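Student: Chains as they are written, first to last, in this note's numbering: chain A, 1 to 215; chain B, 1 to 387.
Hints were generated in silico from the structure; no laboratory data involved.
The calculated label-pair distances, taken between Cβ atoms and stated as ranges, are:
hint : chain 1 : residue 1 : chain 2 : residue 2 : range
1    : A       : Asp41     : B       : Thr50     : 28 to 38 angstroms
2    : B       : Lys154    : A       : Thr69     : 30 to 40 angstroms
3    : B       : Lys154    : A       : Thr164    : 39 to 49 angstroms
4    : A       : Leu188    : B       : Pro367    : 45 to 55 angstroms
5    : B       : Asn384    : A       : Lys96     : 34 to 44 angstroms
6    : B       : Asn384    : A       : Thr69     : 30 to 40 angstroms
7    : A       : Tyr138    : B       : Thr50     : 47 to 57 angstroms
All of these numbers come straight from a predicted model, not from anything done at the bench.
A virtual CB, placed ideally from N, CA and C, is assigned to each residue, including glycine.
Each chain, letter by letter, is given below.
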Amino acid sequence: MSLRPDLAAIAEMIEADSRVLDVGCGDGALLEHLKRTRNVDGRGIELSQQNVNHCVARGLSVLQGDADTDLADYPSQAFDVVILSQTIQATRAPAKVLEDLLRIGRRTIVSFPNFGHWRVRLSLLFNGRMPRTHALDYAWYDTPNIHLCTIRDFTQMATQAGATIEKTLALDANGTKPVQADAFGPNLMAEGAIFLMNRRGGAAWGPIAHRAGSS
Amino acid sequence: MAQTANPTFLRPVCEPEADPGKAITFSTPLALDCGRTLSPFTIAYMTYGTLNAARSNAILICHALTGDQFAASRHPLTGKPGWWDIMVGPGKPIDTDRFFVICTNVIGGCMGSTGPASINPATGKSYGLDFPVVTIGDMVRAQAMLIDALGIEKLLCVTGGSMGGMQVLQWAASYPERVVNAMPIATAARHSAQNIAFHEVGRQAIMADPDWKNGDYGTAQPGKGLAVARMAAHITYLSEAALQRKFGRELQDRDQISFGFGADFQVESYLHHQGMTFVDRFDANSYLYITRAMDYFDLASDYNGVLADAFRNTKARFCLISFTSDWLFPTPENKRIAHALNATAANVSFVEIESDKGHDAFLLDEPEMLQTVRGFLNAAANANGIA
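Extracted from the complex, chain B is given alone in its bound form:
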């Protein structure tokens, strides 16, 4: 059984005109990889476009670590455009005039889906660290229940970048009969040691903040720690070349260095801003849980270490996209997925886009990426009789 309502956000809505989307609450327990169950649980989601009569034009978009369900519409808390506004909308590569687009907030998130800030029915208080550690597999299992509830059997395409791409791979492995096309972007089938290391820096920054209080901080976030976590992570989303081009050694609001520790350099000021604005829209415990889910992701480990076996039953057409300057999810990690797919003779395309914008390139106006997505989805639509 499931009930749909308006989502509950942690912070007040500052954009009353923005569509808050929906939230569906399941009384059926969600079985988690850690052995525990989550019940009841809620998934907050947005949809764009119209589901056709054959229910064959649905595309699921999976968001990245700090993303949310607002892929293509104004964010109700920040007022900013959707995080994939460049990609999703009427006439855009993921064309909402043609496709029915679904985007959910992941389990463990903080934009209306059940996460560590949600109320634990056992205690009447926020879960905090009592929230079970969730995995990419859990996120996808929850999404599948939503897709069921929406009456959709097959997804024309599942797509997403970074952690979103991990979910795409998990979808293809877990629900091979439900994924017609899969487009994982700038991702990996496992989190690398370096990526785990960066995440651990972020988590330690949060947990070192005295305001964290072992996760039991109520409404007073450990903002300093979360901001530092975001600053460190943000560097990994950019390329050295892009940082240099954007900021170089330019000074911020001053003509000379101050011989102090204020934000002398523009790049420092920029990172401070990134950290501060992030704290306004994200929950520190959610950050711990979701980074952990990414760290635990190793798709091959569920298949005796043979990644190809994860895709043994897939009939999906795949399109993998990587970016030349992405050092967080570099081309070889994406190519490794392509090789595993080849080993099963799956239908796979792989495109590496020349860009100096680093990992974040998948969110930006990269014409070749947009063209690739458009071409891939056009072929998908034609093959499935979608007008």
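Bound-form chain A, shown alone:
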């Protein structure tokens, strides 16, 4: 079974034997791949109960939950890596979610579709309607993607959150091969992006202990 290319690119960023939390882990494909190939201690959170049941039946540690509400329960710096793939644009409060991710993980990986891609821009310019591309194939009224952003937008939010961006990968026009971001306008050319971040030396973290309301 081959892993979706963007997930494979994420997997490449993860060191062997690390503790990984995959937020929005879907059917568990990435977690299983990481467990098998990198011996990670993986956990998942997934909104769809059907997906959760599928994951647990596969032997993965996954629980039903919502990035918007349930990340608050996790202690700080509990994981080596926290992953949020293709999900941040569907959360109600992306800044709060990113804040939690940076707090929970020593490193954070976020991937998302780039609303600054030239197809999206041209689509609105020429059609005068909400863009609908193969990467974002929803009508405006039934899209789960309520908080779309461009690569530049995300970079700004991450910087504001105090994150150090270690690496950025731009997913190319076919969405298949990650390419190193360079000066040649990934915000225009990339259909999506993967950010590897950390906030070491950023906020002062408390020890891993219970917080109010965690009972």
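Once you've looked at the hints, dock chain B against the given chain A.
Tutor: Here is chain B on its own, set in the frame of chain A:
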């Protein structure tokens, strides 16, 4: 010191071919949460499958309020199949070809473990209300002594539904180093006000029966009261939808309503049957004691109200399972456990199964539950080198 023998049951065995299991009697006193001790005390138990050479494949199953040690084999008193027959057996999710399964009758119970119907060595008569009030913690402490006696250091998994799930949580909290995996099903870390209220209705029904005689009824059970207690409780195990689907307003053995108080409706007849058959296999005082143990259960209270602290030292992998139509131990109560476990960064899975069968769903053929248990235990076995 401990001695093993055949268990003594309150009623005659009607299935002579059924394995009665074993009973182990400890001369070491059992220290109880109420401050008293129980000595000597007996635990009746069943085992299924074979303990491997590394002693690493043992799974402890904890039973619910009215369950017993006969999880996967014919009940010697009723002749019915084991209460978790769907789950436990050769090739089943809790695979007895692979795992060594232990199921004990809880302290306070009435299937061979020491309970209120047992003989009080101080008086030579049944304890009755002289039996100390026991807790979920006491039940688990007694089980741990049995596990010691069996020469098992670590349990590959502790599992159970409802009150069984409470014991699983208690195990993880009390013996974090002995529980490798924990699978509490359809349970809660505390008994809710509503659940205590339902139990109190049941207890009052028993105590209002003139045959109860302040618990000193000998062999003549307060059957009417116990049956009413069971009927009231049984409603809480089902969902409104399941009752409606099963019975609706269908009449029992008649074409029209009788303008009287006989069992006009099928649902009434069904409840009467549930009550009557229960009296044949369960002791009224045991019902009082075990419901009380559940009412007193509030795991967080031992940890300054912080549930997460109960799991601070656990290294176990957890799998929590709840059912959509279970209103006795609803999903939010199970989720509360998951949140507390998350707060300690424990390894936890949580699955909510779509079912209209109410609380009892954990005992029934729910394919998604069976699949979940199978997947969880497979991963547990693989991680611990169990063939």
